[in-house]
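Protein chains: 2
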Amino acid sequence: MALLSKNKIKYIRSLELKKHRKEENVFIAEGPKLVNDLLGHFKCKTILCTQQWFQKHPNVQADEILAVTEDELSRSSLLKTPQSVLAIFEQPRRNVDSSVLKKSLCLALDDIQDPGNLGTIIRVADWFGIEHIFCSLGTVDVYNPKTVQATMGALARVQVHYISLSQLIASAENVPVYGTFLDGENMYNEKLTQNGLIVMGNEGNGIGEEIERLINRKLYIPNYPPTRETSESLNVAVATSIVCAEFRRQASLR
Amino acid sequence: MALLSKNKIKYIRSLELKKHRKEENVFIAEGPKLVNDLLGHFKCKTILCTQQWFQKHPNVQADEILAVTEDELSRSSLLKTPQSVLAIFEQPRRNVDSSVLKKSLCLALDDIQDPGNLGTIIRVADWFGIEHIFCSLGTVDVYNPKTVQATMGALARVQVHYISLSQLIASAENVPVYGTFLDGENMYNEKLTQNGLIVMGNEGNGIGEEIERLINRKLYIPNYPPTRETSESLNVAVATSIVCAEFRRQASLR
Numbered sequence: 001m002a003l004l005s006k007n008k009i010k011y012i013r014s015l016e017l018k019k020h021r022k023e024e025n026v027f028i029a030e031g032p033k034l035v036n037d038l039l040g041h042f043k044c045k046t047i048l049c050t051q052q053w054f055q056k057h058p059n060v061q062a063d064e065i066l067a068v069t070e071d072e073l074s075r076s077s078l079l080k081t082p083q084s085v086l087a088i089f090e091q092p093r094r095n096v097d098s099s100v101l102k103k104s105l106c107l108a109l110d111d112i113q114d115p116g117n118l119g120t121i122i123r124v125a126d127w128f129g130i131e132h133i134f135c136s137l138g139t140v141d142v143y144n145p146k147t148v149q150a151t152m153g154a155l156a157r158v159q160v161h162y163i164s165l166s167q168l169i170a171s172a173e174n175v176p177v178y179g180t181f182l183d184g185e186n187m188y189n190e191k192l193t194q195n196g197l198i199v200m201g202n203e204g205n206g207i208g209e210e211i212e213r214l215i216n217r218k219l220y221i222p223n224y225p226p227t228r229e230t231s232e233s234l235n236v237a238v239a240t241s242i243v244c245a246e247f248r249r250q251a252s253l254r
Numbered sequence: 001m002a003l004l005s006k007n008k009i010k011y012i013r014s015l016e017l018k019k020h021r022k023e024e025n026v027f028i029a030e031g032p033k034l035v036n037d038l039l040g041h042f043k044c045k046t047i048l049c050t051q052q053w054f055q056k057h058p059n060v061q062a063d064e065i066l067a068v069t070e071d072e073l074s075r076s077s078l079l080k081t082p083q084s085v086l087a088i089f090e091q092p093r094r095n096v097d098s099s100v101l102k103k104s105l106c107l108a109l110d111d112i113q114d115p116g117n118l119g120t121i122i123r124v125a126d127w128f129g130i131e132h133i134f135c136s137l138g139t140v141d142v143y144n145p146k147t148v149q150a151t152m153g154a155l156a157r158v159q160v161h162y163i164s165l166s167q168l169i170a171s172a173e174n175v176p177v178y179g180t181f182l183d184g185e186n187m188y189n190e191k192l193t194q195n196g197l198i199v200m201g202n203e204g205n206g207i208g209e210e211i212e213r214l215i216n217r218k219l220y221i222p223n224y225p226p227t228r229e230t231s232e233s234l235n236v237a238v239a240t241s242i243v244c245a246e247f248r249r250q251a252s253l254r
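Protein chains in written order, with my numbering: chain A, 1 to 254; chain B, 1 to 254.
Since the hints were made in silico from the structure, they are not lab data. Worth double-checking, as some hints may not be accurate.
One-sided excerpt, in silico: chain B residues whose CB lies under 8 Å from chain A [what the hints assert, rightly or not]:
(1) Pro32
(2) Asn36
(3) Arg123
(4) Ser252
Glycine included, each C-beta is placed from N, C-alpha and C at the ideal position.
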């Protein structure tokens, strides 16, 4: 095991910025649970860990393993409370085409901005067996450390792709494209398919006009009771979860 | 209109801490949408606003209205990007007893720690017409500025009470008490009542043992497909929303 240099600390901290993560083609994950969940799914370049963690994981595979004190870990960590291990993983290269929309249910995110929301949505997708998320090019980076942490390991089982959503939809013929709108149809009255795309919109502005035109099934999550004054909308991760739950409830009835 | 003193700035910033909010019996809300939603529902003690905001709201009711520059607002604001108005509201005093559990569906939160989760749950409750949330004494403060902001105004329509959950449940006889557990019954197979209490647990540890013993209907949110490896759990605000949506879907079928 090697020791931790000042340059290494500087390098790790630089990965808080998307620009540096992109240049280096890596991302950071912290904490024993998350790191364990991702090991084996992503190529691990560097592990920074306490002696205690290493003793519990003597066979861990990484290009470089650095034994550090709690104090050194603190100086490298992006978390308020560092947790015994920090790993640098390689960003995977994945190819996917629109045929997955014919075969399975996928999510599309139109300019989601909040890293926590993106992470929570990945965790929701994992719960409901949605294995591909397509993000518009304006969506927050999936390798933002706050997103990675919020996935709680679901990133190991859900593939996230960045793509022009209009091109994606254009290349997928005869595929149902769903989105939630205040003037959509009550989703409980609709027969929801188990393939296609569910589009979720930006936190403040919802789904953009260009994408809205490509949506062929507009859904509404009914509030209750219908006549009571209520909030204008739901948080986007919450809305995603309610919609995905209903798709899968209907699937289970068949 | 009065001008802004250094002491006032110091006072406002002190309200970031629960201790000071409690001593002063107040809370802060920021931004035109949120402040507008809360005005009329909570007694407003102080408004800090730009001239522009004031010109649009000449009849605003508050004990004190301070015209400030954008720069002065920045120095008082708890937000990264201040938004033309900051209000200090009085914390309401509300009495409630367990009879609301017989008449309506309520939520109980057992030591929720994240202020954003609590705010999102309040917004979910509002959407689904749940007007009372009972928080264990260890739950994060509802008047935490991050919680208030995350409610997006739903705080105007949902009452949040701090109470010993075991005492609350003990005082409510013959009331269904629900909670979500990994070994609960698939919630889609259950006939869900439209009164009673839905208990949601802490982010890391779930529902505490003491409260678990008081739960008489254990529910499970089924993952999909059931045999696929997935995350160990859902985010608590997400789980709350999926459960509440199902209660209300069933209510609407009747």
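Here's how the hints hold up against the structure:
| no. | hint | verdict |
| --- | --- | --- |
| 1 | Pro32 | violated (13 Å) |
| 2 | Asn36 | violated (12 Å) |
| 3 | Arg123 | holds (5 Å) |
| 4 | Ser252 | holds (7 Å) |
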